[in-house]
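Trainee: Heads up: the protein sequence lines correspond to chains Y and V, in order.
Sequential numbering of the first sequence, starting at 434, is according to this note's numbering.
Sequential numbering of the second sequence, starting at 39, is according to this note's numbering.
Think of the hints as simulated: they come from the structure by calculation, not from any bench.
All C-beta atoms, glycine included, are put in the ideal place defined by N, C-alpha and C.
Certain hints may be false.
[Stated by the list, open to error] Estimated spans, in silico, between C-beta atoms of each pair:
hint, chain 1, residue 1, chain 2, residue 2, range
1, V, GLN313, Y, ASN477, 35 to 41 Å
2, V, ARG343, Y, ASP536, 47 to 53 Å
3, Y, ASN477, V, ASP261, 49 to 55 Å
4, V, GLN313, Y, LYS505, 25 to 31 Å
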Amino acid sequence: MEKISNLITEKVKTMAEAEDYHPLRSKRKAITTLLPYAVLQEQNGKPEMFQAFLHAARASKEWELTWHRTWKYIRRLPQKASPHALVLASPHVRWYLLTDSGDLVQKWAAAASSVPYTEEVGQSVVDVLLQIVEEGVLVSHIPTEMWSWLIRQPSLPPVCYGRLVGSQTHVFRAVRGLKDIEVLKSYLLLVWSEWGYIQDGNSFNEMCVLIWKYFSGTGMGNYRAELIQKLDYILGQLDWGLDHLKQHNPWLGRYDLWRMKGQYKKLREVLLEVERCVSSQIFHFSIY
Amino acid sequence: MLGKQWLNRYASTDMRGTAIERSQNRQRKLDGVITWYFDHVMESLPLMLQIALLLLGLALSRYLWEVNIIVACVVLGVTSFGVIFYIFIVIAGTAYESCPYQTPMARILRYTFYCIYLYTPRPVHIIISHLIQVSWCCQLPSGWWSSLGQPWYSMANITTSLTCIAILPVALLVDVSRLVPETVWSLLQHQPMDPSPQVHILDKQTIELDLRCISWILQMSLDKTVHLSTLKHLRQQMSTPTKFDPAIVTYCFDVFIGCISVNGCEVVVMQGLEQLTTVSALCLFCTLSHLWVMDSTSSALGDVRHRYSKIFPANVSFHGHQFSHTMNAIHKVFIQSVKHQHFTWGHYKPPGDEHTLVAHALLKLAQFKYQTTGQVKVSRLILRFALHSLSLDPLPPAPVIADCLSIIAIDLDCDISNTRAVTLDERSVNTP
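Okay, chain V solo, but in the shape it has when bound (with noise of 0.2 Å):
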């Protein structure tokens, strides 16, 4: 109540004085906020009342097992399931930071496990990581919940739960006896290492993060600064393979439209609008090679392929324009019929994290060709590509020799799943 209290008091709006009187005794409200520590005393009011519930139900537990073993019992029950219950979100909240059910204790214990990993060094969490994937203890919880059938009751799933925890304690020894002196062994061969400038690699999660923001402000902004900035940071993004929102591919291709017109065969570009549409025409071509290997059943790709076709003639030119060269990528793809034998990248020397995320995007293709159709051979402008940058002086980046290589594994039918890795998954980007 008492919280509640504070709280109308801070929202209350003073309705005399003048504008900047008024904005002055906000401005103080919020210094007072920050310097009172409010936002700690409002978490910590329903802490104190769950502490009093749990102190209350033990007392109360305490209590009635002299008066009545089993109303004690029943009491008992409520409590610890109360407990278990609030243990559970606890574990939930800290493991993952979007679950909606949070609790202060959560947040602490998110922060303190925050400062252990930034002060560990690498090589330890490596052997950490390492150990919960050997450990049996950690296998055993996955390997019962994989093997449960339907329906949830069956006999087999009893058995197979119950087997479980019988075998649960051994897996504990037998993994202590295992891995303890393992661990310290590794440890203590662990070398401290030079401290170098620290990669920070973007997890896919984040990525994912990110892309489902950059997807809502396409979605939601018609601003063409904004829409600029958003496609640099997805272009940034595209060099990790992630799942993203396939409706990204129809912004992307809404913001390249909104950039041109088109006047018979001729390409033109809006003034002033030549970087959104080069970047906007490369995020479009990522997205577009990405969701053909991904998932190449999408409906937005058979929705921008039908609006493509209606909005370029077979016959278009992108000649002259900086994004020529990924246009003309996308338009050999969509209007199959076209044959593009003048097409030539003679003349494309882009600077090299375009040139990787191009390189990346048609490798894409060459493996979407092969997957979908089992055509082993590879289009043509996708080996000219890789013959153009393979004959680069200087040669390009090495992400860029090494998909160009696996673009012409795809074509002689080497078996590439096992170095694919090389190629399109290990690659780090750096968080500004």
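The following block holds chain Y by itself, in its conformation from the complex (with noise of 0.2 Å):
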């Protein structure tokens, strides 16, 4: 048994190694199949099969590498898996099957309480947590300190499920209504990226609005200056061209970058308009 399971870990390594992830999407079932005896072996000290998971599910560059079979099993994670792994194997848990597991939320939460911080722990608790908030049933279920993950500004993967819904407007909107400017400005920070626009047109009008809404505030330099300098970043990224960001997620293509460029430029003229105003507001308060 240690033999074949040595030899599996090995493979999926190899497989998580190599540049063509296509193997590892085509055999997407089997490596999850090995999700229970992966995190087992972790429980058992022996973490190298767990490890190997994760590796190839981040090098897989899927949305969601895990079968959807596992959810009877996921259910019951709180209760086999370590804290750790708990919530390095969150992320790959497809949330939107567990509309009814608001204790699972209620064990992850306490899991990546109990963790000591490390970038992974924070991108798999950020990722999450986005998947959390976009089924919205699972929101009430979430402790208050949960969000202040966000402010930590963990880098998210370039192909994450919580990045692909982390703009939905159920978010956004779950984020405005704490009324935390420096979570509001952390959330808005991870997920204006170069490897994605938003997709949710409701969202993005929000979000214009919430930018004069919030941070037009004469003491708001700073965060405009924050947003502003990440736009600046992306929009740096996005003139690399089309073939440079596809090295990191395959699925951009000619309209996701037309739209991204439209977006982030749309929202840096929107910030430096909120800057002027501000600018001038302060000259006649000056003059007078």
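Join these two chains into a complex; the hints should help.
Mentor: As structure tokens, this is what we get:
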């Protein structure tokens, strides 16, 4: 058993390290089937297979690598996995199949709070947070302190389900509803990226309005500067062209690039407009 | 002649008296046969004849040696040939119980060897079998036999044979000088082991014999109780991979079909035959999967597939029966067009031994697909089984986990040829 286990771990590692991610996608069911055993091994002090699973999930550049058949097992994951494994495996859970699992969300939150912070943990927590918020019914189960994970601003991977759903209106409204300017800024810095445009039109329009509403104060200059800096960085990356971006996110197309450029330029203009208005107001105040 | 007389006396039936009196008479004679060691005496009569013949041959040779050496040589040759032939049949009879040329000597020798085997510690067996494997004296004849070509009287064969005969004493000397110290050292190092509950591992020959018996019983018997006990035994035997008569698949299928009736898409089990149906379905599944791997071109497979597709429609439902999981798996293989998207293993929590059998059978199916079609992808049904089994709480037995991992390894195109032994062959079956 040990031999087969090692053999499989090596194979998954090799597949994850290879440049071609297609084999990983075609073998996603087998890789997912490993999860229960990998979690068990991790708890027994042999994390190699679990690490290989996570590595494969990241390298596959797939929005959802896991097989939906795992949902029954996932429900029992908090009982089976260590807090660390639970936190790292959670981004690969299809949360939209678990809309009745409020207790699972609470257990996940408890596990996340008990694990020491690393970039990997931060990525996973934020990814999962966005996924859970996207499922409106689960939002009420998220403890308030979990939102502070956004402030740490871990960088989400180019392809992850949290990024895909992060800019949806549901999520945006939930974050806005917190009325915490720091969380809001961190959220925008997280979801604005060169790896995707804001798919929800309502969300985009509301963001423009929100900038006027929340970031137009005279004391908001630092926030605006940070947001403009981020948008400049994104637009700079977009200028490198599609081929450069596709190396990290193969799902991108010309249309996406065009939409991204349009949206982020517009957001930048809004921010600059706000900045100009604020400056002119200060100028008027100083004259009078 | 005496023996014939005795046997006639024993076989003669007394026509007078009541049935009880006659049976008492028969019983008395049988008791006498046992008390007076009749079988041993009967066995010793031909032995005495053989000894007499040998003595005659030797005495005649001795006598003729002084009269005419050539005639004596002929007689000596014939006698020697007889002795050599006798030694050969004694060895054959000792080595193989199924050998028809049994002699009293072979029986005694076999019993002696069995006693030695029984009372020798297991590490000594291992040392001796290792010695036999590495000794040149044993390797030389097998090498010679495999190097023989056609025709048997060819010059190459003669040369090889003569070389072999010439080398044999040298090999013996080398073996003695090389292996004796090694053996002594191994035996000195051997620590007596703690007495532990002994697990009897059935050897392949015994299992093959059992399987032939099972095949015969299933073919001859019409009694459902006999079928049930036989199939239960078969289920036990199937945990060790061995060759078997392909017709056994057909017999299992016949038993299964005999227990059910198909009304449209519904399968109805006859009253009182629920257990037999479940056991026969499991045996059918195991034997089928085994045969798919061992001999996928077997006509029995084609026959069963043909009959299956005639009896069961593509949309047949086994739902609600204990055998639904095993039959669904068979159905998926026989009726290729069936997708079985909604088939789940969700409620499948069989006892450990059945789980082991099914896991093993599914692993074989996965291997079969891999070997025959070169298709690396394992069927979703099998992968779902692996996922279900690995997710179970508490975990299934270790062989099931090993089989599930092997299934995943096949799907991932890992080379498990070296590790297969762990899952396939290292299985012990407790003898009742």
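Trainee: Do GLN313 (chain V) and LYS505 (chain Y) keep their Cβ atoms within the hinted range of 25 to 31 Å?
Mentor: holds, 30 Å
Trainee: For the range 35 to 41 Å, tell me whether the beta carbons of GLN313 (chain V) and ASN477 (chain Y) fit it or not.
Mentor: The hinted range 35 to 41 Å holds for GLN313 (chain V) and ASN477 (chain Y), with Cβ atoms some 39 Å apart.
Trainee: Just to be sure I understand the hint, the distance between the Cβ atoms of ARG343 (chain V) and ASP536 (chain Y) should be within 47 to 53 Å; is that true here?
Mentor: holds, 48 Å
Trainee: If I claimed the Cβ atoms of ASN477 (chain Y) and ASP261 (chain V) lie 49 to 55 Å apart, would that claim hold in this structure?
Mentor: Since ASN477 (chain Y) and ASP261 (chain V) have Cβ atoms about 50 Å apart, the given range 49 to 55 Å holds.
Violated hints are absent here; each numbered hint is respected by the structure.
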